[in-house]
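Student: In case you want the letters, here they are:
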Amino acid sequence: MKKKIASLLLSVTTAAMILGGCGSAAETAVDTSSQTAETTTTTDAGASSDAAATSDKAAQAIADRKAEAEKSGEYEKVIISFFDWTGRPAGLDRINEALSEHTRETLGLDVELQIIDSAAYGDDMKLMLSSGEQVDIFSTCILGYNPSINNGYVLDLEEDGMFDDYCNGIKEKVRADYLDACRVGGVLYGTPPIKDYAIETCAVVVGQEYLDAIGYDTSKLSVGDLGYPKATWDDINDIFAQLHEKFPDKYVFAIQDNELTQGSSVDNIAGDYFGTLLDPQNSLKIEDVYSSDIFKEWVQRAYDWNQAGYLSQDALTDQTGASAKVKSGSYMAMMACCKPGYKTQISGECGRDMAVFDVGESFMSSSSVSSFPWCVNQNTEDPVATLQVLDALYTDSVIEGLMCWGQEGKEYKVNADGTITYADGVDANNSEYYPNVLWLMPNPYVTYVWEGDPLDLGVQMAAFNDNCTCKSKALGFTWDNTDYASEYTALKNAYDEYGPKVVYGFVEPEQGIAELEEALKAAGLDTYMQGKQEALDAWAKENGIQ
Amino acid sequence: MAANRTKTKKKSIKRYIPLYLMALPGLVYLFINNYLPLPGLVLAFKKFNAKKGIYGSPFVGFKNFKYLFATKDAFIITRNTILYNLVFIIVNTILAIFVAILLAEMTSKVKKAYQSFILLPYMISMVIVSYLVFGFLSTENGFFNNTILRALGKDPISWYMEKKYWPFILVFVSAWKGIGYNCVIYLASILGIDRSIYESASIDGASKWQQIFKITIPLLKPTIIMMTLLAVGRIFYSDFGLFYQVPQNQGALFSVTNTIDTYVYRGLLELGDMSMSSAAGLYQSIVGFILVLGSNLIVKKIDPEYALF
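Sequence order for the protein chains is A and B.
Residue numbering for the first sequence is 1 to 546, as defined by my numbering.
Residue numbering for the second sequence is 547 to 855, as defined by my numbering.
Same shape as in the complex, but just chain A (with noise of 0.2 Å):
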């Protein structure tokens, strides 16, 4: 009896197994085809109307959608991804009504954007690209953009041409080397967010009201670029020592896993360390990173901080942010990257004025521009209508004024000298739009800025960008390490393992990094540095860089 019931159980389960199997496999079958058939259909009208002026194509494509719109009473939808730290907003129904608003009259089309808190978006939006849910544009950000390509989840922008005909904006507002960065094995998946892709390396910021209370005067030191004083490594030792003594009850500095990617102008050749371009500006020779001077210069310091007393001696355990330590009051100096406008934001950041130092030199580094482009879904229904959208997101004020800021009255309000604040009764905690992600946006420069930068903030950080001194010469060279996946996962383990105590200074130098080194050695160090170097050798050649 139980067993006749289990058998039929058994072969239910197998039979709607089977059914289950077949269903999705033909569905997706059928999907498939019908795409075909409409990028078929968008291609001849493409090639019909070739001789017509770009432009005209744009136009039309918008105006046969608005006649579509009028026929069917409905106009189709472009839906926008991105994250942001709080989740879904409260107020973005009313912000795409308004964005749709807008879009109907210039794109015939209404926009949705759709906003994932950051702790989901990377599986959400797995899910939803896999699955064929609609979503037609998307930050790469946290999924990242190497392994979207991988898994096949993006469109070539420049199929049959499309790029040159719908997205002229971009071209004007993208550098053209900084759109060819984006490019991988040639084709272009993405466009980049327009942003600071140059970093000054190493600066460390101090409580302005610890720097006051040992008297140090910051006015004797030059003043940089940046506009913030230049220091030595000697100068930030004696501050770090004077408020030490001052402040024995706080620890100094905050230290965090960044020596390399805030505080060096190594390039990290494809996202890790596990071979880098010790000198990116005048070689593409990979080297180990961890054997240099550089990564021993670092270390020594560390070693000396925390023998002084400068470092929590939990500092391997806690998780926490860097600024958010400086926040709670324990700890008095942090070292990070900084760009035009940075006091303003680590100020904010560390809920206290923050004075700045600056350490380092600038330095773009290879990944810098192509590490989060934005991309449409290669499963998009209509790509025409997704590109003239991705187009307006970086040339239409309107588009992005909603998209960063909310809505004029309800979000925020002009100032009389053009910048922006909140609306009146409307803070960070209760604004009803308020992504605070304005660094993913694809170009928050035709929009308004906020108070306390300057309004010519894009023009600085765009000037910042071409003045930098020190450019990496694989700028735009991407590396898919997926044949080379359990050399990774092997020397990402030792790293974790042997890395942050010298990192953080808690092992003698001399004898972390030789322990460190002997385990990326076992691990295949050697095997991965071959790889990258083959990779980079041939887009050197493909390039012709020298």
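Be a bit skeptical, because a hint or two may be false.
Claimed, not checked - No more than 27 Å apart at the CA atoms, straight line, and that leaves these computed lysine-lysine pairs for DSSO-like:
| hint | chain 1 | residue 1 | chain 2 | residue 2 |
| --- | --- | --- | --- | --- |
| 1 | B | K598 | A | K77 |
| 2 | A | K521 | B | K612 |
| 3 | A | K250 | B | K700 |
| 4 | A | K171 | A | K195 |
| 5 | A | K171 | A | K521 |
Hints were generated in silico from the structure; no laboratory data involved.
If you're wondering where the values come from, they're calculated on a predicted model, not measured in any experiment.
Following the hints, position chain B against chain A.
Tutor: Chain B in isolation, oriented as in the chain A frame:
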């Protein structure tokens, strides 16, 4: 005869219809969650590409599995996973039975309170447990370094950098957290034992110890075997929270805290490769499946009555 049997069968089906109906939601849930995704296992043998979909992606054979075994870490993570789980099974079972017997022998009114307190850690999330542990072990402010070691006049220990303590810490935490739940199951079985057996035993002059070893434990045997078999089936899975959160994801402790789950998590978190993740999952379930069948077979050999199936 045959007709008669089908008749009784029909009857009993009718009789049990309400029970089947009650089971239906659970079965549907099981079906949707555990059976419908099964065809997706094929992903472990493919290179996933969203453009082509799960079924259209190209086959790559066992390439996705290679990654699990290619490095020297493979031995360490497999060793850690299996040995820790073995120790957990043994220690937690013994302790849980011990506590269950103590509770069963207890007659006072506070028994219920004890039971709840022992069960409490089971309800706490591992993330919170990790901070409780940190409260004890923090280098600067921890209870051990600040109170106990100081009182003893000893030097503070950097707990999160010393490997040698962690096997004990993890076993202790696992026992502290897991005992309550296991003990409730054993307690239920003990309470199900016919009291008259104990009465006649005590009339015959059996001491408390003899009653425990001659009556309670032999009668608990089926429960013990079943619980152990279930645990053996999961021997290739590790309690992710225990091995990831409790050591605060400290690299210095990897050689004693890295298990298959944490290794895969750390590796694939950044690679984001679906095919490799499913390969790791498939590998774990297949080994688990074989182990359950194997241990059941052994139990069957020794005493067929106690075998699960």
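Student: Each hint: holds or not?
Tutor: Hint check:
This hinted pair checks out: K598 of chain B and K77 of chain A have alpha carbons roughly 24 Å apart, not beyond 27 Å. Taking the CA atoms of K521 of chain A and K612 of chain B, the gap is near 20 Å; set against the 27 Å cutoff, the hint holds. With a CA separation close to 25 Å, the supplied pair K250 of chain A and K700 of chain B stays within the 27 Å bound. Taken as a hint, the K171 of chain A and K195 of chain A pair is honoured in the structure, with Cα atoms around 15 Å apart against an allowance of 27 Å.
A C-alpha spacing of about 44 Å is found between K171 of chain A and K521 of chain A, which places the hinted pair above 27 Å, so the restraint is violated.
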